[in-house]
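S.K.: Sequence:
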Amino acid sequence: MTMFKSYIERVAEGQSLSRDEAREAFLFIMSGAASDIEIAAFLVALKSRGESVEEIAGGADAMRAHALPLSAPDKAVDTCGTGGDGLGTYNISTAAAIVAAAAGIPVAKHGNRAVSSKSGSCDVLEQLGVCVDGPVERVQESLDQLGICFLLAPRHHGAMRHVAPVRKALGMRTIFNILGPLTNLPGRNGS
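Quick note: the sequence shown, position 33, residue 33 per the UniProt record's numbering, numbers continuous.
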C-alpha cells in the first residue's frame with residue numbers, strides 16, 4: 001500500500017493527519033501521481049470527517065510551494081471567496097475586489113471558474129470583458145500600473161490541474177474551498 005493510500009484509509013477511519021502528513025498527501029496529489037479515484041476518496045473522506053486545522057495547514061503549505069510568485073505591495077489584499085455556498089448568491093468577492101481597488105487598495109484577486117457554485121470570479125470577470133488568462137508578466141504589470149490584477153487559479157496554482165476534474169465531478173465543497181483563500185498569491189496576510 002502506498003503512503004497516500006494509507007492516508008486515505010486513516011482519514012476514512014476518522015483519524016487526523018499531522019501537518020507534515022497532510023502536506024505530503026497534497027504534494028502527492030499536486031505531483032499528478034494520485035489517480036482521480038484516490039483524489040476523490042481523499043477529498044470525500046476529509047469532508048465526511050471534517051478537516052482538521054493541521055490538515056488545512058498542511059494543504060496550504062503544499063499549495064504555496066507550487067504557486068507562481070507575484071510581487072505585491074505589503075498592503076495588497078486578495079478577496080478570494082470560498083465558492084460553493086449552495087445558496088445561489090452573487091459572487092461578492094469579485095465586486096469587493098473592484099470596490100477595494102477603486103478605493104486605492106492594491107488587489108491581487110485570485111479565483112476560478114465555477115466549480116461548486118453558480119459563478120466563479122473568472123466567470124464574472126469574463127462577462128465584464130476582462131482577460132482572465134494572461135501571462136504572469138501581464139498580471140504583474142496590471143497590479144503595478146492599475147492596482148488590481150486577476151490570477152486565474154489553474155494558471156497560478158498550476159498543480160491544481162490534477163484536482164480540478166475531480167472537484168468538478170464531485171460538485172461539492174471540499175478542503176480546496178478553504179485552501180484558496182488561505183493561499184493568497186501575493187503571499188501577504190491580506191486575504
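Certain hints may be false.
[Claimed, not checked] As a list, the in silico DSBU-like pairs of lysine-lysine whose alpha-carbon atoms are at most 30 Å apart:
hint	residue 1	residue 2
1	5	168
2	5	75
3	168	118
4	75	168
[As the list claims (entries may be wrong)] Quick list of the computed label-pair ranges, beta carbon to beta carbon:
hint	residue 1	residue 2	range
5	10	154	28 to 36 Å
6	96	10	33 to 41 Å
7	135	73	14 to 22 Å
8	136	12	34 to 42 Å
9	10	102	15 to 23 Å
10	137	31	25 to 33 Å
11	15	137	18 to 26 Å
12	69	146	16 to 24 Å
The hints are simulated quantities; they were obtained by calculation from the structure and are not laboratory data. Quick caveat, the model's predicted, so the values are computed rather than measured. C-beta: ideal position from N, C-alpha, C; glycine also.
S.K.: Taking the beta carbons of residue 10 and residue 154, is their distance inside 28 to 36 Å?
M.R.: Given about 29 Å between the Cβ atoms, the range holds.
S.K.: Between residue 168 and residue 118, is the straight-line Cα distance small enough, at 30 Å or below?
M.R.: OK: residue 168 and residue 118 at ~12 Å, within 30 Å.
S.K.: For residue 5 and residue 168, compute the direct alpha-carbon distance and say whether it is at most 30 Å.
M.R.: 22 Å, holds
S.K.: Does the structure keep residue 5 and residue 75 at a Cα separation of 30 Å or less?
M.R.: Since the Cα atoms of residue 5 and residue 75 sit roughly 41 Å apart, the hinted pair is violated (cutoff 30 Å).
S.K.: Need the status of pair residue 75, residue 168: alpha-carbon distance at most 30 Å?
M.R.: 33 Å, violated
S.K.: Residue 10 and residue 102, beta-carbon distance inside 15 to 23 Å?
M.R.: 48 Å, violated
S.K.: Are residue 69 and residue 146 spaced within 16 to 24 Å by their CB atoms?
M.R.: 19 Å, holds
S.K.: Given a hinted range of 14 to 22 Å, is it respected by the beta-carbon distance of residue 135 and residue 73?
M.R.: 21 Å, holds
S.K.: I want to verify a distance hint. Is the separation of the beta carbons of residue 15 and residue 137 within 18 to 26 Å?
M.R.: 44 Å, violated
S.K.: Mind checking the hinted window 33 to 41 Å against the Cβ distance between residue 96 and residue 10?
M.R.: 38 Å, holds
S.K.: For the hint 34 to 42 Å, verify it against the beta carbon of residue 136 and that of residue 12.
M.R.: 38 Å, holds
S.K.: Is it true that the C-beta distance of residue 137 to residue 31 lies inside 25 to 33 Å, as the hint says?
M.R.: Between residue 137 and residue 31, where Cβ atoms are some 26 Å apart, the hint holds.
The structure shown violates the earlier hints numbered 2, 4, 9, 11.
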